[in-house]
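> So you can see what is in the structure, the chains are spelled out below.
Number of protein chains: 2
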Amino acid sequence: MLSQEIKLKLIQIVGPENFDDTKVGRLVYSYDATPMFQSLPDGVIAPRNTGEVSYIVKLCNERRIPIVPRGSGTNLCAGTCPTEGGLVLLFKHMNAILEIDEENLTVTVQPGVITLDMIHAVESKGLFYPPDPSSMKISTLGGNINENSGGLRGLKYGVTRDYVIGLEIVLANGEIIRTGGKLAKDVAGYDLTRLMVGSEGTLGIITEATLKLIPTPESKMTMLVHYQDIEAAAKSVSTIIANKIIPTTLEFLDQPTLKLVEEYSQIGLPTDVKAVLLIEQDGPIKVVKQDIEKMSRLCVQERAVSVKIATSEEEADGLRTARRTALSALARFKPTIILEDATVPRSEVAKMVIAINEIAEKYQLNICTFGHAGDGNLHPTCLTDVRNHEEIEQVEKAFEEIFMKAIELGGTITGEHGVGTVKAPYLELKLGQAGIAAMKAIKDSLDPNNIMNPGKMFAKDSRKRVVVTT
Amino acid sequence: MLSQEIKLKLIQIVGPENFDDTKVGRLVYSYDATPMFQSLPDGVIAPRNTGEVSYIVKLCNERRIPIVPRGSGTNLCAGTCPTEGGLVLLFKHMNAILEIDEENLTVTVQPGVITLDMIHAVESKGLFYPPDPSSMKISTLGGNINENSGGLRGLKYGVTRDYVIGLEIVLANGEIIRTGGKLAKDVAGYDLTRLMVGSEGTLGIITEATLKLIPTPESKMTMLVHYQDIEAAAKSVSTIIANKIIPTTLEFLDQPTLKLVEEYSQIGLPTDVKAVLLIEQDGPIKVVKQDIEKMSRLCVQERAVSVKIATSEEEADGLRTARRTALSALARFKPTIILEDATVPRSEVAKMVIAINEIAEKYQLNICTFGHAGDGNLHPTCLTDVRNHEEIEQVEKAFEEIFMKAIELGGTITGEHGVGTVKAPYLELKLGQAGIAAMKAIKDSLDPNNIMNPGKMFAKDSRKRVVVTT
Numbered sequence: 010m011l012s013q014e015i016k017l018k019l020i021q022i023v024g025p026e027n028f029d030d031t032k033v034g035r036l037v038y039s040y041d042a043t044p045m046f047q048s049l050p051d052g053v054i055a056p057r058n059t060g061e062v063s064y065i066v067k068l069c070n071e072r073r074i075p076i077v078p079r080g081s082g083t084n085l086c087a088g089t090c091p092t093e094g095g096l097v098l099l100f101k102h103m104n105a106i107l108e109i110d111e112e113n114l115t116v117t118v119q120p121g122v123i124t125l126d127m128i129h130a131v132e133s134k135g136l137f138y139p140p141d142p143s144s145m146k147i148s149t150l151g152g153n154i155n156e157n158s159g160g161l162r163g164l165k166y167g168v169t170r171d172y173v174i175g176l177e178i179v180l181a182n183g184e185i186i187r188t189g190g191k192l193a194k195d196v197a198g199y200d201l202t203r204l205m206v207g208s209e210g211t212l213g214i215i216t217e218a219t220l221k222l223i224p225t226p227e228s229k230m231t232m233l234v235h236y237q238d239i240e241a242a243a244k245s246v247s248t249i250i251a252n253k254i255i256p257t258t259l260e261f262l263d264q265p266t267l268k269l270v271e272e273y274s275q276i277g278l279p280t281d282v283k284a285v286l287l288i289e290q291d292g293p294i295k296v297v298k299q300d301i302e303k304m305s306r307l308c309v310q311e312r313a314v315s316v317k318i319a320t321s322e323e324e325a326d327g328l329r330t331a332r333r334t335a336l337s338a339l340a341r342f343k344p345t346i347i348l349e350d351a352t353v354p355r356s357e358v359a360k361m362v363i364a365i366n367e368i369a370e371k372y373q374l375n376i377c378t379f380g381h382a383g384d385g386n387l388h389p390t391c392l393t394d395v396r397n398h399e400e401i402e403q404v405e406k407a408f409e410e411i412f413m414k415a416i417e418l419g420g421t422i423t424g425e426h427g428v429g430t431v432k433a434p435y436l437e438l439k440l441g442q443a444g445i446a447a448m449k450a451i452k453d454s455l456d457p458n459n460i461m462n463p464g465k466m467f468a469k470d471s472r473k474r475v476v477v478t479t
Numbered sequence: 010m011l012s013q014e015i016k017l018k019l020i021q022i023v024g025p026e027n028f029d030d031t032k033v034g035r036l037v038y039s040y041d042a043t044p045m046f047q048s049l050p051d052g053v054i055a056p057r058n059t060g061e062v063s064y065i066v067k068l069c070n071e072r073r074i075p076i077v078p079r080g081s082g083t084n085l086c087a088g089t090c091p092t093e094g095g096l097v098l099l100f101k102h103m104n105a106i107l108e109i110d111e112e113n114l115t116v117t118v119q120p121g122v123i124t125l126d127m128i129h130a131v132e133s134k135g136l137f138y139p140p141d142p143s144s145m146k147i148s149t150l151g152g153n154i155n156e157n158s159g160g161l162r163g164l165k166y167g168v169t170r171d172y173v174i175g176l177e178i179v180l181a182n183g184e185i186i187r188t189g190g191k192l193a194k195d196v197a198g199y200d201l202t203r204l205m206v207g208s209e210g211t212l213g214i215i216t217e218a219t220l221k222l223i224p225t226p227e228s229k230m231t232m233l234v235h236y237q238d239i240e241a242a243a244k245s246v247s248t249i250i251a252n253k254i255i256p257t258t259l260e261f262l263d264q265p266t267l268k269l270v271e272e273y274s275q276i277g278l279p280t281d282v283k284a285v286l287l288i289e290q291d292g293p294i295k296v297v298k299q300d301i302e303k304m305s306r307l308c309v310q311e312r313a314v315s316v317k318i319a320t321s322e323e324e325a326d327g328l329r330t331a332r333r334t335a336l337s338a339l340a341r342f343k344p345t346i347i348l349e350d351a352t353v354p355r356s357e358v359a360k361m362v363i364a365i366n367e368i369a370e371k372y373q374l375n376i377c378t379f380g381h382a383g384d385g386n387l388h389p390t391c392l393t394d395v396r397n398h399e400e401i402e403q404v405e406k407a408f409e410e411i412f413m414k415a416i417e418l419g420g421t422i423t424g425e426h427g428v429g430t431v432k433a434p435y436l437e438l439k440l441g442q443a444g445i446a447a448m449k450a451i452k453d454s455l456d457p458n459n460i461m462n463p464g465k466m467f468a469k470d471s472r473k474r475v476v477v478t479t
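The listed protein sequences derive, respectively, from chains V and Y. Counting from 10, one number per residue, gives the positions in the first sequence under our numbering. Counting from 10, one number per residue, gives the positions in the second sequence under our numbering.
Incorrect hints may appear among the rest.
Note: identical chains are not told apart, hence a pair may lie in one copy or across any two.
In silico BS3-like cross-links for lysine-lysine, where the CA-CA straight-line distance does not exceed 27 Å [unchecked claim]:
hint, residue 1, residue 2
1, K244, K283
2, K134, K165
3, K244, K221
4, K229, K406
5, K317, K18
6, K229, K253
7, K244, K134
8, K414, K221
9, K32, K303
10, K414, K165
11, K303, K165
12, K414, K134
13, K221, K303
14, K134, K303
15, K165, K221
16, K229, K317
Simulated from the structure, these hints should not be mistaken for laboratory data. Just so we're clear, the structure is a prediction, and the values are computed from it rather than from any experiment.
So here's chain V without its partners, still in its complex pose (with noise of 0.2 Å):
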C-alpha cells in the first residue's frame, strides 16, 4: 500500500489523471500475457515524459517502491507481473515516433510506440526495421527492448538487439544518462546499450530509444515445405544453412499445431502431414529465386514430400499469418496454454525435437511444437488447465526435462522470452552459480536499493510454476 503522502506526491508529479491506485486500476496491471502469475500493484502511473519518469525513480528509491515498467504486457515470462507490489509504469503518454532519419538510416523512438506502428512508419520511407515479434501488433518497442524480443526474420536479420543503438535510460538513482547514438561504431566505455537490452527492466527504465535500420529488401518469396518425417524437417534446416544459405524465415511447425492452426486461420495448411518447415527469402529478385530453387533441392533431398511456392503476396502473408497467430490459435482449444522457447544450437534442432515428443509421452501432454527452427528456437506448447493441478505439476516436470535437454545440447533456457518469473528458477541451469553471482552484482551496482522490476531474473527460491498461487 502507497501511504497517502506518497500518494499525493506521486499525484503532483503526473497530474491526477495520469495515477490510479482503484481496485480495478490495479486489477488491469496485475497480470500479463503469462498464464498463472498474478499480483496485485499498489499503483498505476503514467508519467509524460523522462522528467516525470527521474522524479517518479527518485521518490521510489528513497522510499523503497517497486517499479514494473510495461508496455503492451504481451511477454510470455510473467516479466511485468507486479510480483513484489509497487507501481506499474506506464509509456501510454511517451509513444511518440520523434524521427525518421533516412541519412542516417535511423528511428528514434518513445518507449510507447507500437511495434508494427513504426514498422509501417519507416516501410513508408523504403526502409525496413527487421525484428517482427509475433504479438508486434500490439507490443510496444519498449517492451522489445527490455525483452531483446526476436521474431520470425531473425535467422537472417537478428534481433531486436542488433538495431538498438542508442538509449535515454533513467536510472534506479533517477539519474538520465543518454548512451550510444546515431553511430555505427562507439566503444566509449562499457557497451551499456546492449547490457540493458534485455535486461527485462530490472536495470533502469528506458526512455527513449535509436534504433537503426536497413534498406528495404527488393523482394520476397515464401514456400512451404511439407514432411511425413519430424526428423526430417529438421535434418533440412542445419542442411539448408550449412550449404551457405541463410534465409530470412525458416519456420517449424508440427501436425498438432498445424491442426488446430488450419481450424482456427482456415488458410488450407495441410493437416495430413507430420510437419511443415515455412522459408522465406528476400532480397534481389534473381538472388532470391535461386536460393529457393536450390533450398526446394535441398528439402526434397532431405525427404520433404512436396514444396508448395506461394504464387501471390496474399498467399504469402496467409501463411505467415498462420504462422503468427499460432499461439492465439492454439488459445482457443484450451484454458489454459503455457507456451515456452528451449533453445538449441540449430545442428540440435531435429534431436531436441524428437525429445520434446518423448517427455510430452511420458508425462501424458498435450504439447505442439512450432518455432523459429532456423535460430534453433522453438516453442513447446502444452494445452492443459490450470485447475487440474495434477496435469499442471506433470507439466512442470515436463519443462524442467525439456530445459535440461536443451542445455545438454549447449543449448538455452530461453531464446527470445526472457527469464522474467517463469524461468528464474532455471536460470542457473544455464549460467551456473557463479554466472548469476557476476549477473547479480551488476544488477545491485546499478540498483542498490532493488526497486526496479524485483523478483525478476533472480529467483529468490526454487519457487516454481506449479506453487504459485493466482
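Guided by the hints, dock chain Y onto chain V, whose structure is given.
Then chain Y, alone, in the frame of chain V:
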C-alpha cells in the same frame, strides 16, 4: 615488485619457462602500439590453459596484483600498457583454433589466435568472418574482442561485437564462467557476452570465444573515386547510404594521406586530388555490378572528378592494402604518429572533416585524415615529434577540440580504438558524470579489488597524453 613468495607461486602454476621478471623481459611488454606511453610490469606470465589463468587470477586477487591481458599489443589507446605495474598476461600458448562448425556456422578459438590466421582458416571452408582491423595480420582475436575492433568491412557487416556469441571468462575472483554458446538467440540473463566485448580487459579475462560466421559473398568489386573537393567526397558518403545502398567498404583518404601512402606503397594512387573514396561492394555478381554502377553515378552527381573501377583482384587488393597500411606509411615520415578515431553520425562526416582541417590550421599542425567514412569513423592522424614539447601541447589541444566537435555533432570520442589510458580523460565528454558513475559501479561490482587492467577507461585525474613521461 613481486615478492619472492609470489614469484615462486606463479612459477608453480605456469612453470619457470612461462614466467619472466628479468629487466629485458619486462621492458618488452612495457608499451604497446600507442606512442608516448610506457610503464614497466613487475612480471610477464604465459599460462597454458584456462585453469592456469584461474589460479593466477585468484592469487593476484588475493594479493591485489594488477593483471594486464595482452594479445599482440596493436591497440592504439595504451590499453595494454601496464600503467600500474603487476603482471602482463600473454596468450602465446592459448592460440588454437578449437573448432570450425560448418553446420552452425561458428568458429571457436582461444584468445591468442591471430585474426588473419582464423580468417584464412574459415575462408578455406567457404565461410566468412567480416571484422578486419587494419592490424589483423598481427592482432589476436582476444585483443579484437577486448577492444571491439572494427575494420574496413564494418559498414555492411558490423564490428567484432556483432560476431561474438559465446565466451569463456575468468572473473576477477578466479571463477570460470561461460556465456552464450553456438546459439542464434539467448536471453538467459544479462548480456554478459556483449558487456565483455570492448571492456578492455577491465572486467575479466577472456579465455575462449565462439564467433559467428556467415557464408562468403559470391563476388566483390572495388572502385576508387577522385574528388577535388573534400566536402563533395564526404557528401557522396551520405548520398550513397540515403539511396539505400550499403557498400561493404566506404573509406576516405585526404590528399596529405594519399601523398604519403603513395610514396610508401607506389601503386599509382592519385596525389593531385583533394580526396578519394575507396568503395567496395560484395554479394551476388549482378547485384554488385548494379550497385557499383549506381554508386558511380551518385558520386559523379556529387562532383567526383573521376571514378576508377579496379579491373583485377590484384588492383583491388593493392588499393585495400594501401588503405590498410596508411598508419605504417605515415609513420615513416615523422618520429611520432598520433592516430585518433573520433566518430560522428555519417551525415556529419563533411562537417567533421572540415572542422579537423580548421583545427589543424589553427594549431599549425600536420594532420592527415583518413578512415571509415561510411561509419562516420575518421582517423585524424597527427605527424609530430614527441621531443618537441611545445608542439605536443598543441596536439593535445587540437585533439581535445576534435573530440568536442565530434560530441557536438552527436558523435563519440572513440569509434573503434577504445578508451584505454589515452581517452580516459575525455570519457566524461561522451558519457557525463552519471554515465561514468554507472560504468564504474559495474567495474567495482565485478572487480572489487581493481586488479583487472587497472587505470584503464576511467581517469584517475585529468592527466593527458602531454604530461605522461615516457
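> When no copy is named, should K221 and K303 be tagged within, between, both, or neither for a Cα gap of at most 27 Å?
between (31 Å within a copy, 23 Å between copies)
> At 27 Å max between alpha carbons, let me know whether K134 reaches K165 within a copy, between copies, both or neither.
both (22 Å within a copy, 20 Å between copies)
> How do K414 and K134 come out at 27 Å by Cα distance, when the copy is not named: within, between, both, or neither?
Close neither inside one copy (45 Å) nor across copies (30 Å); limit 27 Å.
> Between K414 and K221, at a C-alpha cutoff of 27 Å, which is it: within one copy, between copies, both, or neither?
between (36 Å within a copy, 23 Å between copies)
> Classify it for me, K414 with K165: is the Cα-Cα distance of at most 27 Å met within a copy, between copies, both or neither?
For K414 and K165, the Cα distance is within 27 Å only inside one copy (26 Å; across copies 37 Å).
> Could you place K229 and K406 in one of the four classes (within, between, both, neither) given a Cα distance threshold of 27 Å?
neither (42 Å within a copy, 53 Å between copies)
> Between the shortest in-copy and the shortest cross-copy C-alpha distance, which are at most 27 Å for K229 and K253: within, between, both, or neither?
For K229 and K253, the Cα distance is within 27 Å both inside one copy (18 Å) and across copies (17 Å).
> Taking 27 Å as the upper bound on the Cα-Cα distance, should K244 and K134 be classified as within, between, both, or neither?
between (39 Å within a copy, 21 Å between copies)
> When no copy is named, should K229 and K317 be tagged within, between, both, or neither for a Cα gap of at most 27 Å?
within (15 Å within a copy, 33 Å between copies)
> Up to 27 Å between alpha-carbons, please classify K317 paired with K18: within, between, both or neither.
neither (62 Å within a copy, 67 Å between copies)
> Within, between, both or neither: how does the pair K134, K303 come out at a Cα-Cα threshold of 27 Å?
between (32 Å within a copy, 19 Å between copies)
> Using 27 Å as the alpha carbon limit, work out where K244 and K221 are close: within a copy, between copies, both or neither.
between (33 Å within a copy, 20 Å between copies)
In terms of the numbered hints stated before, the structure departs from hints 4, 5, 9 and 12, listed from lowest to highest.
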